[in-house]
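A.B. asks: Make a model of the complete structure from these sequences and hints.
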Amino acid sequence: MICSAMFCKNETNSDRDIYCSPCKIIRENIKKEMLTEKLENGRFNCEIKIYCPYCGWEMEAEAECQEYDEGEMEKECYKCEKTFNLETNVSVTWSTSKIDE
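Residue 18 in the working numbering sits at position 18 of the sequence shown, and the numbers go up by one each step.
Errors might be hidden in some of the hints.
Said to hold, decoys possible - Listed below are the simulated BS3-like cross-link pairs for lysine-lysine, each with C-alpha atoms no more than 27 Å apart in a straight line:
1. Lys-9 - Lys-24
2. Lys-9 - Lys-32
3. Lys-75 - Lys-38
4. Lys-9 - Lys-31
5. Lys-82 - Lys-49
6. Lys-32 - Lys-79
7. Lys-31 - Lys-49
8. Lys-75 - Lys-49
9. Lys-38 - Lys-49
10. Lys-38 - Lys-79
11. Lys-38 - Lys-82
12. Lys-31 - Lys-75
13. Lys-24 - Lys-38
14. Lys-38 - Lys-9
15. Lys-98 - Lys-31
16. Lys-32 - Lys-98
17. Lys-49 - Lys-32
18. Lys-82 - Lys-24
19. Lys-82 - Lys-31
20. Lys-49 - Lys-79
Stated by the list, open to error - Computed beta-carbon distance windows for the label pairs:
21. Glu-70 - Arg-43: 13 to 23 Å
22. Cys-8 - Val-90: 15 to 25 Å
23. Cys-55 - Ile-30: 15 to 25 Å
24. Val-90 - Cys-55: 20 to 30 Å
25. Ile-99 - Arg-43: 40 to 50 Å
26. Ser-14 - Asn-85: 37 to 47 Å
27. Lys-98 - Glu-76: 47 to 57 Å
28. Ile-2 - Glu-74: 20 to 30 Å
29. Ser-95 - Ile-30: 29 to 39 Å
30. Ile-99 - Tyr-54: 47 to 57 Å
31. Ile-99 - Ala-5: 33 to 43 Å
32. Pro-22 - Ser-95: 34 to 44 Å
33. Lys-49 - Ser-21: 39 to 49 Å
34. Cys-55 - Asn-10: 26 to 36 Å
Just so you know, these hints were derived from the structure itself, not from any lab.
Quantities reported herein were computed from a predicted structural model and do not represent experimental measurements.
Idealized CB from N, CA, C, for every residue including glycine.
C.D. replies: Here it is in structure tokens:
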């Protein structure tokens, strides 16, 4: 399988991999740099997961709980046990299609 990285034509190691080994390393290094920068700033903005701004621990929102209500709340990190502000932003999109006549 060909690597999915833009401008890369290398083969992946297996059918389950979408990136070749060099591209995987580059992507991991970029993620580490971004995490370090966000931890230094003490702020994660518009993420799809919840990250502790103190230790970077990645948390899932608990099903059917207040993390899904739009607004601000305090949350405790499961790993470092520090309390941080959590702001939930809700986005709504619409799709339309023609009705067959």
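A.B. asks: Compare the structure with each hint and give your call.
C.D. replies: Now for the hints, and whether the structure bears them out:
1. Lys-9 - Lys-24: 14 Å, holds
2. Lys-9 - Lys-32: Status holds; Cα separation ~25 Å.
3. Lys-75 - Lys-38: 18 Å, holds
4. Lys-9 - Lys-31: Answer holds: Lys-9 to Lys-31 is near 22 Å, not above 27 Å.
5. Lys-82 - Lys-49: The hint holds at about 18 Å.
6. Lys-32 - Lys-79: 19 Å, holds
7. Lys-31 - Lys-49: Within the cut-off at roughly 14 Å; holds.
8. Lys-75 - Lys-49: This hinted pair holds, its Cα atoms lying about 14 Å apart.
9. Lys-38 - Lys-49: Since the Cα atoms of Lys-38 and Lys-49 sit roughly 14 Å apart, the hinted pair holds (cutoff 27 Å).
10. Lys-38 - Lys-79: Holds. Lys-38 to Lys-79 sits at ~18 Å (cutoff 27 Å).
11. Lys-38 - Lys-82: It holds: about 17 Å lies between the C-alpha atoms, which stays within 27 Å.
12. Lys-31 - Lys-75: OK: Lys-31 and Lys-75 at ~24 Å, within 27 Å.
13. Lys-24 - Lys-38: 21 Å, holds
14. Lys-38 - Lys-9: 32 Å, violated
15. Lys-98 - Lys-31: Distance of about 42 Å is beyond 27 Å: violated.
16. Lys-32 - Lys-98: 45 Å, violated
17. Lys-49 - Lys-32: Satisfied, since the Cα-Cα distance of roughly 16 Å is no more than 27 Å.
18. Lys-82 - Lys-24: Measuring from Cα to Cα gives roughly 32 Å; hence the hint is violated.
19. Lys-82 - Lys-31: Within the cut-off at roughly 23 Å; holds.
20. Lys-49 - Lys-79: 15 Å, holds
21. Glu-70 - Arg-43: 13 to 23 Å: 19 Å, holds
22. Cys-8 - Val-90: 15 to 25 Å: Check failed, 36 Å falls outside 15 to 25 Å.
23. Cys-55 - Ile-30: 15 to 25 Å: At roughly 20 Å between Cβ atoms, Ile-30 and Cys-55 fall inside 15 to 25 Å, so the hint holds.
24. Val-90 - Cys-55: 20 to 30 Å: 26 Å, holds
25. Ile-99 - Arg-43: 40 to 50 Å: Holds, at about 46 Å.
26. Ser-14 - Asn-85: 37 to 47 Å: 42 Å, holds
27. Lys-98 - Glu-76: 47 to 57 Å: 49 Å, holds
28. Ile-2 - Glu-74: 20 to 30 Å: 46 Å, violated
29. Ser-95 - Ile-30: 29 to 39 Å: 32 Å, holds
30. Ile-99 - Tyr-54: 47 to 57 Å: At 52 Å between Cβs, range holds.
31. Ile-99 - Ala-5: 33 to 43 Å: Hint holds: Cβ distance 41 Å, inside 33 to 43 Å.
32. Pro-22 - Ser-95: 34 to 44 Å: Given range 34 to 44 Å: holds, Cβ gap about 38 Å.
33. Lys-49 - Ser-21: 39 to 49 Å: 25 Å, violated
34. Cys-55 - Asn-10: 26 to 36 Å: 35 Å, holds
Hint compliance for this structure: hints 14, 15, 16, 18, 22, 28 and 33 are broken, all remaining hints hold.
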